[in-house]
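Please construct the entire structure, taking both the sequences and the accompanying hints into account.
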Amino acid sequence: MTTDPRGDAPGRAIWRAFRRNRPAVIGLAVVLAFFVVALIGLVLTKGAHPILDPREVRLPDRLQGPFARPNRASVPAASLPRLGIYLFGTDELGRDVFARMLEGAFVSLSVGFVAVGLAVVIGIVVGGLAGYYGPTRLGLGRLRLLTVDTVVTGLIDVMLSFPTFFLILTVVAILKPSIWNIMIVIGLTSWEGTARFVRAEILSLREREFVQAAQAAGARGARMIGVHLVPNAVGPVLVSATLGVAGAILTESSLSFLGFGVPPPDATWGNILADGKRFIFDAPWLTLIPGTAILIVVLAFNLFGEGLREAFNPRLREG
Amino acid sequence: MLPFLARACWRKLWSLFLISIVSFLVIHLAPGAPSQIDPLNPRFTKEQLARYRTAFELDRPLYVQYGLFYTRLFTGQLRAFKDNQPVLPKILGRAWNSFPLFVVGTVLVWCFAFPLGITSAVRRDSGFDRITTVLVFALISIPGFYLSYLGIIFVVRTFQVDVIGMQTFGRDPTGFWPPVMDRTWHLVLPSLLGAAAGIAVLSRYVRSQMLEVISSDYTRTARAKGLPEDTVLYRHALRNGLLPFVTMLGLLIPGLIGGSVIFETIFAWPGIGRLGYEAILARDYPVVIALNFIAALLTVLGTLLSDVLYMLVDPRIRL
Chain A
1 MTTDPRGDAP GRAIWRAFRR NRPAVIGLAV VLAFFVVALI GLVLTKGAHP
51 ILDPREVRLP DRLQGPFARP NRASVPAASL PRLGIYLFGT DELGRDVFAR
101 MLEGAFVSLS VGFVAVGLAV VIGIVVGGLA GYYGPTRLGL GRLRLLTVDT
151 VVTGLIDVML SFPTFFLILT VVAILKPSIW NIMIVIGLTS WEGTARFVRA
201 EILSLREREF VQAAQAAGAR GARMIGVHLV PNAVGPVLVS ATLGVAGAIL
251 TESSLSFLGF GVPPPDATWG NILADGKRFI FDAPWLTLIP GTAILIVVLA
301 FNLFGEGLRE AFNPRLREG
Chain B
1001 MLPFLARACW RKLWSLFLIS IVSFLVIHLA PGAPSQIDPL NPRFTKEQLA
1051 RYRTAFELDR PLYVQYGLFY TRLFTGQLRA FKDNQPVLPK ILGRAWNSFP
1101 LFVVGTVLVW CFAFPLGITS AVRRDSGFDR ITTVLVFALI SIPGFYLSYL
1151 GIIFVVRTFQ VDVIGMQTFG RDPTGFWPPV MDRTWHLVLP SLLGAAAGIA
1201 VLSRYVRSQM LEVISSDYTR TARAKGLPED TVLYRHALRN GLLPFVTMLG
1251 LLIPGLIGGS VIFETIFAWP GIGRLGYEAI LARDYPVVIA LNFIAALLTV
1301 LGTLLSDVLY MLVDPRIRL
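For the record, the sequence lines run as chains A and B. In this text, residue positions in the first sequence follow this note's numbering: the first is 1, and each later residue adds one. In this text, residue positions in the second sequence follow this note's numbering: the first is 1001, and each later residue adds one.
Calculated from the structure, these hints are not laboratory results. Only a predicted model underlies this, so the values are computations on that prediction, with no experimental measurement involved. Ideal placement from N, C-alpha and C gives every residue a C-beta, glycine not left out. Each hint should be verified, as a subset may be incorrect.
Below, a list of computed lysine-lysine pairs in the PhoX-like style, where the Cα atoms sit at most 25 Å apart [claimed, not checked]: (1) B/K1012 / A/K176; (2) B/K1046 / A/K176; (3) B/K1012 / B/K1046.
Each pair of labels, with its calculated beta carbon distance range [to be verified]: (4) B/Q1085 / A/L146: 38 to 44 Å; (5) A/V25 / B/L1062: 36 to 42 Å; (6) A/V43 / B/L1062: 46 to 52 Å; (7) A/Q215 / B/W1010: 54 to 60 Å; (8) A/F67 / B/V1313: 55 to 61 Å; (9) A/L188 / B/Q1160: 15 to 21 Å; (10) A/R12 / B/V1313: 39 to 45 Å; (11) B/W1185 / A/P264: 35 to 41 Å; (12) A/L188 / B/L1227: 50 to 56 Å; (13) B/V1201 / A/A77: 33 to 39 Å; (14) A/V36 / B/L1062: 45 to 51 Å; (15) B/Q1085 / A/R223: 55 to 61 Å.
Below is the structure:
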């Protein structure tokens, strides 16, 4: 939607503004590195005989510190760590924390992405409908009291009134503990921001000439929303999605802390951190490693998202 | 003004009705009944289960339960499943415990966030601005319980004081100062940690609001008149920039009851968040629904109040 034959497309101006923002560029680099680590982690730790086994229990080697050498006398040769040392130490069952962190990287990333993906889809559909069909009246028979816009903004107001974390906690605690439930519940409770942005953006886009042109060419309904309006509202959606991934990773770790997180044996950074709290004095690395990892990745997503926001906002861009 | 107020109240009433339904259904539509909390208990026979369901009216149709629940809530007759205590006094008592945390936390947030945000905006892109930006985002990105554990370890090791709970258990200091100091030490850490994220978020809002005002036309006019920079910034820009924050006064109301689940769990603080967490664990439906509903009710009241305040302060807004 931003291809311009003369070469100075809005996308480039945004990229130029983004590049000047050093923290945001570093954030983007860390986010990309995190993707790579998560994919490598998926390859190395999945399957029946993974290269680095995050589930191998070695009772003689419980709570070994980082860089500790395995106890060759009592650990069977087949369970020795592939690297020769425990890079990040071991936990209370003697599992290799490095392998668990690698496995958890992908799980945490997918929690963030699935939850935010769901939220963004709901937000775009709801916001798009409210923006485009806003003044249309709904009702039964002759009684047409409510406009689409009233219904949607009312719904958003209601959702925003609830204390989000407590609501998530309530639902997750009642449902069976599973990674999918957590993703879905986080997604279902965080679409309001996206919906508002999309609605506001479409309300202003409706008045533009290119929309009138599309209308004259016969575009209606889904085609109008999906092809002409929503792609032009992509900026705010991208920003709230980036910040949303950061929020979802944090929410998952808070749920883990309260005992309602992703259930074992799946490792996430959140539940490694939450499990480590019992050994905080004896084995501080079980807290420090996942805690710092979460801090770095979430910080990177936040700085990246904030950089995008500033780059998309022309008023902040000129400086 | 009055017609606007009437319309706003009418809309809020509708939201409240929806909220009452959602808070009720969230619990009742999810699988998992209070009777299933301990399914392996052999003493829980089918007949017993049926008796409990009748005793707690869980076998009645949903709309009857809905009616009964809200009638009892508003007449003050609602009782908890767990200990058969009246729910409202229970919530009020716990809210009173959370109150000092809320007051100290709010004061800390406002005292730190405004100077930080204003200074960052005035010295945009300076070293100070960059460092506070990254620090502030680090505060948003760190899992709250991870930060708390680091804080607890630091304070306990450095100052040799107890910080868990509302006061040191089992030691009754005599005289005037020792108990006061004991209370203060227990209050400082949880409210500071609880305020950390608030400081970060609010100072970002203040910064972007100030930036917007500083780049506006009337600020340029004030500069063009040759006014000293301090007068431009603090008399012309700041006053307008702070207007939207008047609405924050309204949004403080939900904080009265929204004690943080995470921080109250870590610090064993018998406040409202902890009450909610215990109620969720015990499937104590009346308490959970009442907490969700009251929190949402206060949010609705808060937004109404902030709309009214905004209209009173800003003469440009007349709806």
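Check each numbered hint against the structure and report the violated ones by number, ascending.
Hints 1, 3, 5, 7, 9 and 13 contradicted; others consistent.
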